[in-house]
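Asks: Letter by letter, the chains look like this.
2 protein chains.
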Amino acid sequence: MIPFQVQVLYDFSGETNTSELSINVGEVLTVTRDDVGEGWWEGRNSKGVCGLFPESYVERISSAPPALPPMNPLPVTPAPAYQSVPPVYDNDFVSNAPSDDDDWDDYPEVQHHQTKVLPYNQGSYDNSRYQNDDNISESNFGDGKGTAHTKRNLNRFSTFVKSGGESYILGTLKVSVAADQRVVISKHDEVTFSWPQIVNAYTVHITSPKKESKLKGLKSYIAYQLTPSFNNIKVSRRYKHFDWLHERLMEKFSIMAVPPLPDKQISGRYEDQFIEHRRLQLQEFVNYVCKHPVFSASEVWQHFLTCTDEKLWKQGKRQAERDPLLGANYCLTIQAPEKELMSSIVDSKIDANLSFVQNLDSAIKNLMSVAMDQAKKHQGPYKREFAKISESFHRLGFALSSEEKSGMLSLPSAITNIGVAYSDIGQYYEDQPKYDWEPLSNTLYLYKGLTSAFPEIFALHKGVQQKRKECEKNNMPPAELNDIRRRNDVLTYAIFAEMNHFKVQRSIDMKAAMQSYLKEQINFYKKIVTRLEQTLMQLDDC
Amino acid sequence: MIPFQVQVLYDFSGETNTSELSINVGEVLTVTRDDVGEGWWEGRNSKGVCGLFPESYVERISSAPPALPPMNPLPVTPAPAYQSVPPVYDNDFVSNAPSDDDDWDDYPEVQHHQTKVLPYNQGSYDNSRYQNDDNISESNFGDGKGTAHTKRNLNRFSTFVKSGGESYILGTLKVSVAADQRVVISKHDEVTFSWPQIVNAYTVHITSPKKESKLKGLKSYIAYQLTPSFNNIKVSRRYKHFDWLHERLMEKFSIMAVPPLPDKQISGRYEDQFIEHRRLQLQEFVNYVCKHPVFSASEVWQHFLTCTDEKLWKQGKRQAERDPLLGANYCLTIQAPEKELMSSIVDSKIDANLSFVQNLDSAIKNLMSVAMDQAKKHQGPYKREFAKISESFHRLGFALSSEEKSGMLSLPSAITNIGVAYSDIGQYYEDQPKYDWEPLSNTLYLYKGLTSAFPEIFALHKGVQQKRKECEKNNMPPAELNDIRRRNDVLTYAIFAEMNHFKVQRSIDMKAAMQSYLKEQINFYKKIVTRLEQTLMQLDDC
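Protein chains in written order, with this note's numbering: chain A, 710 to 1251; chain B, 710 to 1251.
In short, the hints are calculated from the structure, not lab data. Since the structure is predicted, the reported quantities are computational estimates derived from the model, not experimental observations. Worth double-checking, as some hints may not be accurate.
Since copy identity is lost for identical chains, a pair holds within one copy or between any two.
No more than 35 Å apart at the CA atoms, straight line, and that leaves these computed lysine-lysine pairs for DSBU-like [stated by the list, open to error]:
1) K923 / K973
2) K1023 / K1236
3) K928 / K1048
4) K1182 / K1171
5) K1097 / K1143
6) K1236 / K1086
7) K1092 / K1228
8) K1092 / K896
9) K1143 / K1228
10) K1182 / K1092
11) K1097 / K1212
12) K1092 / K1212
13) K973 / K1097
Take these sequences, add in the hints, and give me the full structure.
Replies: Given below as C-alpha cells:
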C-alpha cells in the first residue's frame, strides 16, 4: 500500500505495554498499514512514534468520507447470513461490514448488543395497539439490578412481539418439524409436566483459561478449554463465543430460563483472579445448560461444544442465526399432552409462580450481597483484625524477650508464636472466600439470572393468552380458533415443563451449593482450631 | 428532734427509685430527721415531697455556720487514731470527723484520696532544694494512661520524700525490728536476689458478690465474699475496704509493685456485668497479693483477710494506719546479703530494667486495647455480621418454602436451619469474650498496673542514691557514711528482689493467661465446627 495521511477525530489512549498508539484530536498521522484488520490501522505520529490505532478514530485527509464516531474501536455487528430474508432490515447490519474473520476476533467483550428485531414478527400487524394495553412495568419484577444478561425489556409489546408470541399464536410461521425431531412434554400429575428425560447425560469441564494472542502478539485474549465428557475432545472458546451462544439461546429459548453468562467486564480482564472467577461462572452456565433437556440437546449448543473446524464453525454459526424456530415459535417443535388446559388453573398456577420467583429473586439477591460482602470482609477488615491481634502478641513476645530466657521454648517465643498463628489465621480468612462464599455466590448468580427470567416468560404467556382472547372475541372460524387455543396450551405446557425443570434442578443445585458451603465453613474453622492447638502445644512446652 | 429549716446550697439529683430527694439551690426544706447518719438528712420540700439529701448540701436557716461546699455527699476522711502522734498534722484529719461508724459506710467508691504527707518525713530538711534537682518527668515513664490506682506522682521530690527515701537513707526513723520479724533476702547468683519463699502458700477465693443494704434499704452496696484457703472462714468485704487496703499497701510497699485495684466507677455500679467484672479484677488483685512473699505475710493484709469482728477491725485498721515502716523505711525490716553492691552494676541493671518495663508497659497496653476492642467487636459488629448471614439464609429458606415440599426434612427448612445455626454462632460470638478476651484483659490490667509501678520505684532508688552521693561529698563521719551506704544497698537488694519476684510471677501468670486464652479460643472455634456439622447433617438428610 501507499502510505497516506489521516487526521485524528477522537482521542484514543493506547494501552501501555501494547503496540497501541495514543492519538489526540487534530493530530495528523501517517498510515503505514491498513491491513491490520479488525478495525485497526498502523501508523506513525509526527514525533515518529509508531503503533496501532482504531481506524474509525481518524479521517483520511484526502477526499475519503469521515467515519462514524464510535465510542470505541468496535467491530460493527456482522451482516447476518439471512440478510436477504426481508430486505427492509438490511440497513441494520450494513455499514463497514467486516470480513468473516471477525468470527474469531478479539474484542467481543465490548461488543454492542443491538436489540435485533426479528424479521418474521414484523409487517403484518399494527403493533401500536398494544402499546398502552396491559403493559407490565419493570417494577413488578424486582429491580432487575445486575441481571444485565437475562434482563429483557419487559414492555409487553416488545416482549410479546420480539419473542414471537404474536407470530406463534396466530400461526404465521409455517414450519413443519419432523416427528422424530419433536420435543415431548410428559405429564406427571394434574399440574406437573416435564421435559423429556436426558438420555445420555454428559458434563463439560472448563479448564485452563489461557492467554492467547494473534496479530504477532499485538492482540491477546483468554481462551477457555471445554472438554465434553461424551467425546473428550477439547475445544477452545473465548468469552465472545459464549456471548454469541448466549444470544442464540436467549433468542431461541425465550420461553425458557436461559442461565446467565458472567458479567461483561473490560478493565482488568487479564487478571488471574478475574479470569478464574469468570471460568467458574462459565462452568456454572455450562453445567446448567448440560442438565437442561432442551438446551443440552440443541443444535447451536452442540455446535458450540464440538466444532473444531473453522469452516464448519462458520457454517453452523450461520445456520443457527438463520433458525426460524425462535421464542414462542419454538413451541412448534413441541409435542404436548392433548388435554385442554383450564384457564383458571393455569392463571392461578402462573400467578403463584410469579410471586414465588419474585420472592426467591429477592432472597437470592440478599444472600448474594451478603456473600459478596462477607468475601470482601474476609479479605479486608477481618484479615486486618487478625493482623492487629497478631501484631499485639508479637509486640508482647518481643517486649518480654529482652528479659526472659530466650530460645525456641521460651515464653516470649511462645507468645510470639501466638502472633504468628493469628497472622496465619488472617491468611486463612483472606483465602477462605474462594472455598465458601465465592462458589456460593456463583451458584446464586446463576439462579438470580434464571429466576429473573421467569417474569418475562410469564409476560409472554400473558400476551399470548390476551391475543387468544381477542381472537375469540373477533368471531374467528372455529377451526382457526381451535388451532389458536391449542397453540396457547402447547405454550402453557412448555412453560409448565420449564417451571418444573427449574424447580427440580434448583433443589439439586441449591442443596449441593449449601452442602459445599457448609463443608468448607467447617474445614475453615477446623483449620483455625488445628492452628491454635499447635500454638497451645508450643506454649505448654515452654 | 425539733424539725428545722434549711436552705439548699447546691443542687443534688436524687437517684430514681431510691429514697433520695432531688433538691435545688435556694430551696427551703424542713429537716425531719438529722440522725439518719453518714452525712444524710431526711427532709420535706415545699411540695411536701419527703426524702434523703446530703446534709452538707444545705445550710441551716437559723444561726448555724454553713457547711463546706463538697462536690458530693462525701464522708470526710476519718480522723486517724494516731492523730496525737505529731500534733502538727492534726488539721489534716479534723473538720466534721464522722463517728467511727463510717468504718463500714457505703460510699467509699467516691472517697477522696487525700495525699497524706507522712509525718516522719517532715520538719528536718529543707525540701525545696530538691525541687529543681534531677526531676524525673512523667513522660519518661509512658503516659500512665488508665493506671490511676498505681500511678503515683513521679516528681522526684515528692516521690522521694513521701516514699520515705530521705528519712530512710539518713536514718531518721529509729525503729528496731525483732530478728524473727525480719524479711530475709537471699542470693541466687551474682545478679539475682529474692524474697523468702512463701512457706504456707494459700489462695483466696472471691465469690458471690451480693447486694446488701442498710438504713432500712435506703442505701445499698455490693459485698464480696472472700474465703482464704488456710481457714475457710468467709469474710465480707466491699470495694471501699479493698480501697482502704490498697492505700495501706501503696503507702507501706512503695518500693514494691503493688497490684492495681479495678478502676473506680460510680455509674452503673449495680449492674451484674459490672459487678462480675469487678469481682474478677479483685480476684486478680488478691491472687497476686497471695503469691507475693511480702504482701501475703503483711499484717494489714492478714487483718483484711481474716477479721470478722467489728471492734477488732477498727483496732487493726488504726494499727495499720499507725505503721511507721512505710515506703523506703520498710527496708528497716529487711535482712539483705552483706556484700556491698557496685554502683555501675546496679545502675546498668536498673536502667535495663527500666527500659524493659517501659517496653512491656506499652506492649501490654497495646494487647489490652486489642483485647478490649475484640471483646466489643464480638458483641457488636461480629455478632451483627452473623445476624446478617443468618437473616439471609432464613429469607432464602422462607422464599423456597412456598414451593418446595415442606416439613422438617425439606430443603427450605434445612436452609432455614443454616440461618438458625449462624444466629447461634452470632450468640457464641457475643458470649465468647468472657471466656477469652476478658480474662486475658484482666491479667493484662493487673500487669499493666504492676509494670507501671516500677519506674517510680526506680526513681525512688535514684533519689536515695543521689542523697548518698551528696552525703559522700559532704564529708560525713565514716561510720555514718557506712550506714548510709549500707541502707542504700539494702534498698537496692529489696528492689532487686522485687524485680525478681515480678519476673518469676509474671512468667507464671502470663503463661497461664495465654494458655487459658488459647484453650478458650480453641473451644470457641470447635463449638462453631460442631454447630455447623449438625447443620450439614440436617442438610444431608433432606
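Asks: So, against the hints stated earlier in the document, which numbers end up violated here?
Replies: Going through the list in order, the structure violates hints 2, 3, 8 and 10 and respects the others.
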